[in-house]
Amino acid sequence: MVADLSTFSSKARRLKMLQISAGLLLVSFTLWHWAGPIGIQIANQLGNLPDKLFKGRIPSSAEFVADRLRDLSWLLASAVLLGIAAIILWHQVRIISSGLRRTLVAGFLLFVILNLFTWSASQTASFWLALYASSPTFKDTSFNIERHLLAESKAERRFAVIGSSQAASEVDCAILNKRFYPSASFSMLHFAGAQASDFLVFMPYLRSSKASDVICYVSQQSIYPRTSGHTYLPLLTSESLVKLWECGLYQEEVWANVRFGILGMAIPSFRIRRGFSTAFFGPVAEDGVLKSLELSHQTEKSLNEQNESPEVAIDKTGAQVASVAADYLKSHSSEFQKRCLRLFLAECEELNLRVHFIVGQVHPQLDAVIPVEVQNDFNELIDELPSHQSLHLIRGELPRHQSNEYSDWMHIHRSSRNAFTHALANVLEPFIGIESKQKVKLR
Amino acid sequence: MLFNSIEFLFFFAIVLLCYYRLAHKMQNVFLLAASFIFYGWWDWRFLILMMSSIFVDYQCGRQMANHPERRKLALLFSITFNMGILGFFKYFNFFAESFSDLIALFGMHLDGLTLHVILPVGISFYTFQSMGYCIDCYQGKLKPSNSLLEYALYVSFFPQLVAGPIEKAHHLLVQVQKPRIYSESLALDGLWLMVLGYLKKVVIADRCAQIVDPCFAGTALPELGYGNWLLIYAFALQIYGDFSGYTDIARGIAKILGFDLMKNFGKPYLVADPSEFWQNWHISLSTWLREYLYFGLGGNKNGEFKTYRNLMLTMAIGGLWHGAGWAYFIWGLYQGVVLVVFRMFGRKPARREVQFRHKVLHILAVIVFFHITCLGWLIFRVGSLPKGHDQIGFLGNSLKPLFSTEGTLPLNLLRVIIPMLLLTFLCQSLHEVMERFSQWSLFKRGLALASCLVAIACIGVFDGSGFIYFQF
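Residue numbers (this note's numbering), protein chains in the order written: chain A, 1 to 443; chain B, 1001 to 1472.
Bound conformation, chain B alone:
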């Protein structure tokens, strides 16, 4: 069930109609049932997998609470189980194909190694969330839940189930346990976030998709020379609109239901270095990777070399988390390299240094870093090319013209990209103000809602396309 479908709007209306008439425990039961219906709408068989993940991790948590001597064993079991289902459903075919390609280099051939496995929607999100819970319990940061119902709702809460934010238990599970208090300001903020999310999705992302998708359907980008940067800008805007739009809708729905989900996006295209970028882009994933993987590997405590190694490993695994393909792995490595290079040579100016002269330099640095990010997005987009495409070949064919001196900047593309760029800039630069919608004046609130709705009606794209991050 997509957030941008008629079915979902009906579904949410029914949920909302019943939800606030129920007592706390029944609210949880009702939300769990709604979440299962929401998830089972794709394929009811996915539910079995999710339920088993919930059950296993809940039991692991209970084991840690009841038998502290078995904590390590319980954690290992949880990690093995979660990585096992993730590995099988998401990565089995990728590793099998890669292995087959590798031994083909030595003249041997293995056929029939791959399996016909369907990738369950949102599997990467809920397995990471579930695993995070067990790690927190193991580290003693969290008291394991003693209610399967509450834990199940924490993992399967429908607004954030399929594409995050990846919530930590001490943030969301605690809210599940407490009775919800209806607040008008929370509902107002939620409503606004939903409208803003739909605006980002149908106006920015889906409009840019009209440019991006046909241009990535061939064996290379079209012959625009350096003009191909426009196509990559369009993808940068598309993925921002798509993912941050999804997150806004999810957070909006959650707020209306009385929950507060973590902020997943800040101003990722208005920053000048990669660590800032990851503090503003998919914050929940980068937090998860930093806390459970990077720190687990030793973080920056064991000298420069090991810090760089840890960064590269974390980002490479982060890349693979996005998708089972070499392009995602390369994208992860690219992000790692960028982080390492900036760590080696970059210097963050002190706040007082940011005077006028430095502001100009800062703007230039933001522009340069946006292009570095865009190159990463090219690799990322290549990763989602249809099966059978030569991804590396596409990347090779497309990179060279970007740095040539020949090309054109078609006006037709600029007519779409410039307004979308401005809208994205507006959303990012005002992201903190947007969070405080309920504190705006009545006129501003009314005008903002009405203008967004008119923009959605007037220039939105209603082709029912899904969200990019659903495939992860």
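Okay, chain A solo, but in the shape it has when bound:
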């Protein structure tokens, strides 16, 4: 009798859980299905708030809200399905006889479930937006937001702007979106410190985002400093690893990054670690304590204040530019970067991705001290780029920046960026094939 009752109660509990799961899946499906109309309603209520919040980066508020609702339904469905899978597998775990093995398997199972949920969350822009809202970072988090926004875009043509923070400082996607949407939408898939080899790392994301065009900003910075490998942990895929290897990755001293990248491929919670740590612990995790608090040590600061004279400042500038220029060398690293760039262009041609290749520049003072052989090598690289239909070389059509336009050795001021972006828009216009709403004259 007691056994019957416990079986009944266990069956009743299972049935109840099944009902709840089915209900949640139904809610999730309904939300997915009606996300469009609900999104429009919510966007109407919000007015121009999303536009203000995202500083013009969101071409359509209604679409944006609808996609966030879809994210929510995806997360709900993933949680329910993973929960069901966990419960089913848990019954198998409990019949393992050895206590140690049972614990190991149980720990492993829950670890896998948590990681699968992390992975499914990382497939949504909402997850990255939440991290970005907690602590903005221009590395993993912003890259992932942009790639999702690109994939969600309903524009006829989807442009991905790729490069380092230099590309982000030159091109303002909000201006381009305002001018060309819905004929074209633009997303900034940049990564601080990215080099030509990192374009190969970006490749799978360009494909999954269904980009039609790529704008890549290439300057000497993209080729000549030593390979950094900063993108490997959050973005490396097996496909890009094979390609990087073919180009000679094994010669580069980036083993720690490669190791972390491979671990990241296997463990999603490890892959998101940089973005998550920054969101959780704030800028201390990203920039270090002194920079994030804008602190300096008492005595050093007072000494610096006493000693700073105009002559010292000039010397320091000279020393700084020389130290930055010292990284620009012709080496096996630069050959690796060049091979990667050529392979990237070949891949783009194969995929019918049109590449708008901006031949960029560095700070004029830096440009003046970069060795001549490096400058010649860079010019040769550009001259020897394959000429095919899908490659649009932009060289000399855009304004060149003067020293006073730079805020540091790499990045230009906002006003110069606006001018540069408008000029770029004019260059791109024939490729988008429409008359722009606001034609802006070149400076």
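These aren't lab readings, by the way, just hints derived from the structure by calculation. Possibly wrong hints are sitting among the right ones.
Stated by the list, open to error - Selected chain B positions facing chain A (in silico; Cβ < 7 Å):
#1 Glu-1184
#2 Ile-1211
#3 Pro-1410
#4 Arg-1445
#5 Leu-1447
#6 Cys-1458
#7 Ile-1459
Stated by the list, open to error - Listed next, the in silico PhoX-like pairs over lysine-lysine satisfying Cα-Cα at most 25 Å (straight line):
#8 B:Lys-1143 - B:Lys-1025
#9 A:Lys-11 - B:Lys-1444
#10 A:Lys-16 - B:Lys-1444
#11 B:Lys-1141 - B:Lys-1400
#12 B:Lys-1090 - B:Lys-1387
#13 B:Lys-1025 - B:Lys-1178
What the hints assert, rightly or not - Just a few of them, taken from the derived set where beta-carbon distance is under 8 Å, the chain B residues facing chain A:
#14 Leu-1188
#15 Gln-1210
#16 Pro-1214
#17 Cys-1215
#18 Asn-1412
#19 Val-1416
#20 Leu-1449
#21 Ala-1450
#22 Leu-1453
#23 Val-1454
#24 Ala-1457
All of these numbers come straight from a predicted model, not from anything done at the bench. All C-beta atoms in this analysis are idealised placements derived from N, C-alpha and C, irrespective of residue type, glycine included.
Given chain A, put chain B in place with the hints provided.
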């Protein structure tokens, strides 16, 4: 070979694969070889020193067993030898520099007094362990070992070799002598302790190190005024995570290999007086100092004044044990003073007194004592400033702003410190429950393991930094 390195994980996997396939004696031979490889990984020359310490103390023990009339001589030889190598490798330059500074006060100068000596890793730990063995043999508490192999393994057992716990022979040597019985519950507890230790190291300690290390790189703490307390809290959390994390990993490895190492940490930041603190912090060292030094000096048997003197001496020597520098000595004295003051004025409430009102007072007392501990940590951290830094100057510059009414509490720092404080609080308040992992339910065990691993993967710091106590 650091516990938090890839090499160590490979090393331990190989050890584990072979270990349980061997018979008892071969297990000991194998573990000894593994321990020597582990230690020699830093520098093979360190092995010669450790082997000589093992050999000398083993022979001293044998002499005590075979020639009881030479017991005192054997003990003196052991102490002289161990203190000699410790004094030469760890303290020679410190005393030479101090002597040079002292005579410089009288206008004389002595150059070239210091030597280029490398400090062997873990020397303070194994010399104390070895010396403890000889003292126990001398006092008749222990029968000297008649197997060099067993004794060598007792001293050099790799999980506890470089940073303790400082094991007493009647605890560890006895385990070396007995055949090991594989136990699943022991292996489970060991596995959990390892995971917990890694969590403490890479999540708590190394995250806090990101705050502490840059802030201690200048000539004073940064200009945060009373906000500098946050930096000292961060160091308090770092050193707890680092050292107790190391101990947990060491105990976990030992358990998996069938050994039980002594508990080295309890809840040191949840206590309200210094004697309780030392019963919860680096328990193996404080036990060693109490039994072999404090009691040796007379303990508390000869009146109040001598008790205070003994406490001060014990703590000052304990301070110097940590490092050859005046800051460590001052830290030891500070701990001594705190012990003496609490002994003079403190009163432990009876358990029944700890009612609600008293609980509130107790919490306040814990908070106050945590700050007293933190001041000690400031002195301690100053002791590990790089060579050439004006340690006393740094301390002077940093202390004053802590007690000023001006300053800021930066949100950026709180975002790191508050979660780490909560995690530390959790680890300390549940330390006894954590010891009984194998008795938890399967779901709790699985969830605890999975959550710790996800936390390590997600927010751990993987910069390969060493353990703080390795330098001692």
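Status of each hint after checking the structure:
Satisfaction of the interface hint for Glu-1184 (chain B) is found here, the shortest Cβ-Cβ separation to chain A being roughly 5 Å, below the 7 Å cut-off. With a least beta-carbon distance of about 5 Å to chain A, the hint placing Ile-1211 (chain B) at the interface is held under the 7 Å criterion. Annotation: Pro-1410 (chain B) was flagged as interfacial toward chain A, and the flag holds, the nearest CB pair being 5 Å apart, inside 7 Å. Taking 7 Å as the C-beta contact cut-off toward chain A, the hint placing Arg-1445 (chain B) at the interface holds, the least distance being around 5 Å.
Given the 7 Å rule on beta carbons, the hint for Leu-1447 (chain B) holds: about 6 Å separates it from the nearest Cβ of chain A. The beta carbon of Cys-1458 (chain B) comes within 5 Å of a beta carbon in chain A, closer than 7 Å, and the hint placing it at the interface holds. The beta carbon of Ile-1459 (chain B) comes within 5 Å of a beta carbon in chain A, closer than 7 Å, and the hint placing it at the interface holds. A C-alpha spacing of about 20 Å is found between Lys-1143 (chain B) and Lys-1025 (chain B), which places the hinted pair at or below 25 Å, so the restraint holds.
The hinted pair formed by Lys-11 (chain A) and Lys-1444 (chain B) meets the criterion: a straight-line CA distance of about 24 Å does not exceed 25 Å. The suggested pairing of Lys-16 (chain A) with Lys-1444 (chain B) holds, with an alpha-carbon distance near 24 Å, which does not exceed 25 Å. Restraint check for Lys-1141 (chain B) and Lys-1400 (chain B): not satisfied, since their Cα atoms lie roughly 50 Å apart, outside the 25 Å limit. Of the supplied pair hints, the one linking Lys-1090 (chain B) and Lys-1387 (chain B) holds, its CA atoms being roughly 15 Å apart against a limit of 25 Å.
A C-alpha spacing of about 10 Å is found between Lys-1025 (chain B) and Lys-1178 (chain B), which places the hinted pair at or below 25 Å, so the restraint holds. Annotation: Leu-1188 (chain B) was flagged as interfacial toward chain A, and the flag holds, the nearest CB pair being 6 Å apart, inside 8 Å. The beta carbon of Gln-1210 (chain B) comes within 6 Å of a beta carbon in chain A, closer than 8 Å, and the hint placing it at the interface holds. For Pro-1214 (chain B), the shortest C-beta to C-beta distance to chain A is roughly 5 Å, which falls under 8 Å, so the interface hint holds.
Proximity of Cys-1215 (chain B) to chain A holds as hinted, the smallest CB-CB distance being about 6 Å (cut-off 8 Å). With 8 Å as the threshold, the beta carbon of Asn-1412 (chain B) comes within range of chain A, its nearest partner Cβ sitting at about 5 Å, so the hint holds. The restraint placing Val-1416 (chain B) at the interface with chain A holds, with a minimum CB-CB distance near 5 Å, inside the 8 Å limit. Satisfaction of the interface hint for Leu-1449 (chain B) is found here, the shortest Cβ-Cβ separation to chain A being roughly 3 Å, below the 8 Å cut-off.
Contact between Ala-1450 (chain B) and chain A, as hinted, is supported at the beta carbon level, the nearest pair being about 4 Å apart and thus within 8 Å. Checking Leu-1453 (chain B) against chain A: minimum C-beta separation of about 5 Å stays under 8 Å; hint holds. The beta carbon of Val-1454 (chain B) comes within 5 Å of a beta carbon in chain A, closer than 8 Å, and the hint placing it at the interface holds. For Ala-1457 (chain B), the interface hint holds, since its Cβ comes within 8 Å of a Cβ in chain A; the closest pair sits about 4 Å apart.
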